[in-house]
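A.B. asks: Each chain, letter by letter, is given below.
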Amino acid sequence: MPEVSITGEGVGKSYGTTTALKSLDFTVNKGEVFGFIGPDGAGKTTLFRILTTLLLPGSGKVRVEGYDVVKDYRILRRILGYMPGRFSLYHDLSVEENLRFFAGIFGVDVRENYHLVKDIYGQIEPFAKRKAGKLSGGMKQKLALSCALIHEPVVLVLDEPTTGVDAVSRREFWEMLMRLKTGGITIVVSTPYMDEAMRCDRVALMQQGNIMTTGTPQSITAAFPHKIYRIKGSAALNILSLTRKMKHIRSAELFGDAVHISTENTDQAPTAAEISQYLSAQGLGRHIISEAVAGIEDCFIDLMKQPDRHV
Amino acid sequence: MRTIFYIMQKEFIQVFRNRMMLPVIFLMPLVQLLILSYAVTFEIKNIRLYITDNDNSVASRALLEHFRSSDFYHISGESADALHGLEELKEGEIHQQLVILPGFEKQVVSGSPARVQVLTDAINGSAAALMNAYTLSVIESYNREVLSHMQGFPPKMVQVSWRYWFNPALDYKTYMIPGILVLLVTLIGMFLAGMNVVREKEIGTIEQINVTPIRKVQFIAGKLLPFWIIALAELAFGLALSVLLFNIPIVGNIFLIFLVASVYLVVVMGLGLFISTITNTQQQSMFLSWFFLVIFILMSGLFTPVESMPHWALQLNTLNPIAYFIRIMRMIMLKGSGFQDIVKPMLYLSAYGITILSLAVWRYRKTS
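Same order as they appear, the protein sequences are chains A and B.
For what it's worth, the numbering used here labels the leading residue of the first sequence as 1, then goes sequentially.
For what it's worth, the numbering used here labels the leading residue of the second sequence as 312, then goes sequentially.
Keep in mind that the hints are not guaranteed to be accurate.
DSS-like mimics (lysine-lysine), calculated; alpha carbons at most 25 Å apart, straight line [as the list claims (entries may be wrong)]:
#1 Lys512(B) x Lys131(A)
#2 Lys134(A) x Lys512(B)
#3 Lys677(B) x Lys71(A)
#4 Lys677(B) x Lys61(A)
#5 Lys30(A) x Lys181(A)
#6 Lys71(A) x Lys527(B)
Think of the hints as simulated: they come from the structure by calculation, not from any bench.
Given only the sequences and the hints, what does the whole structure look like? Please build it.
C.D. replies: See below:
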């Protein structure tokens, strides 16, 4: 059994009549990268603000490194590193002033702890005198991460760190996280991007304040119970509407410029050849159809459609 | 302690890095003192007077001569048609109209009451009252002249000699400037300090602060102390200006002024902070602060005497910090009051400051 870092039992939170979190149960192991994956409004930020002692849970219990987020918030604030979704450093302070300020209020010395952030901060150090507000998106992120790490946190909580960041910076950011992980820190991250789920050790798929499933990305995709076909053609929207009319088709969804179709698990379900024939008969031109391996996004959509998930 | 230092250091960097801030801090007292003390004045000069003399006698001309020779009056129209003057009054061309009816001289000579009519534009009530008082005193002096003429010797009456204490020349500036200095300190305490906390909420930086182990008392102290220092520096600057530029006497102890200001600042900063805990944006906080500030200023005794307010307003004014400070400020600067004279309002201010600041600290939440 791996050592546990964070446990949540029946965590719920409502704002007035709207329920942000229903009743979440989850565990995050020490030293792993755990991802909460879900669209905007799934409740990720609410959950993270509870984890970081900024918000009191409406119900349930959350323990981080054995400390209760409500009772032991003082201790937790020393060992947590948090990077909010919105850039929350001081725009009018320079890069080094920001770092020194956060080191200062955590009561640590920048020089003593420099080794902790050297890898990340080193990249923006040439711009140490520049105002934080004048940095590019990727650089802001590196600064924010440096400020969240300078006090040597045991658990790092990152709320949508890659939202609004270009593709190159996103990849770079994940590489930084992977290097951080080797230092043994527990990383909890949220993202609306399904492709980033594959980078995590384990993920929880969230939707409307619920966790639909938890596991390694591989186990989740391997458990996908249906056949998936990928169709590429010039008229993706036509393919979508045509296939949705077919029998024994569970779902047809647009994935970029292709259409993913999952079929029912019956003998009557159409094969790739039958689908292709049907499309041609309906007057659709050139298209390529192939059997595909389910990705996290397929699983996500499939789980969303299961009615029993919305209790 | 070190934590407070880091917050203060950050605040000072931010304040002085703001290009708007430094000029504002040093120009504000200068502009306010210049404008408010030179332009805003209770004295009325150049009363535009319209004369209708329907008697055209020696007596009526003698009365009018009193007006013509006065510095306060400017004769802007004269005709025998009283309606014409009324027309000009309606159009706002003149402030006052003086009508002398036919038979004025005859009545004066015969000793029966002679009548003149004075019409005053009272759109601005206090200005009208002042103009009326001026005009009455002119007519009064004419009256005395008539009496001495008729009796052939100066009339027997009570000779009044008076003297205005603490402001012998009734200089308006002497009266206004201590009050204006109070406003300066108030603006910095209530606005800059309070707004500063809301600003962190608005741009989201408060989230990053709230996850740190910093205590809320440390955070608030670190936030307020820089503005406390800036406000006191501003007061010193304003006092220097009023002495050097306006020759305002500071009769009392200047250190006493700073002692009162330090306590007073705790009150207004507490108010500013309290407002910032119940608002989420700078706009909301600005609106709420203005609401209180305008009421406080209007009731403070800066422009109108506090003593003439109705009883309920006086009761309400016990909650008005500006009223206390303006009163104490005038007492020290103009009257030279010592500590023992201001003990009571000082105790009150201290209690007020402790209460409102604790309330604000209690209301401030790091966790929602």
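A.B. asks: Quick one: which hint numbers does this structure break? Sort them smallest to largest.
C.D. replies: none
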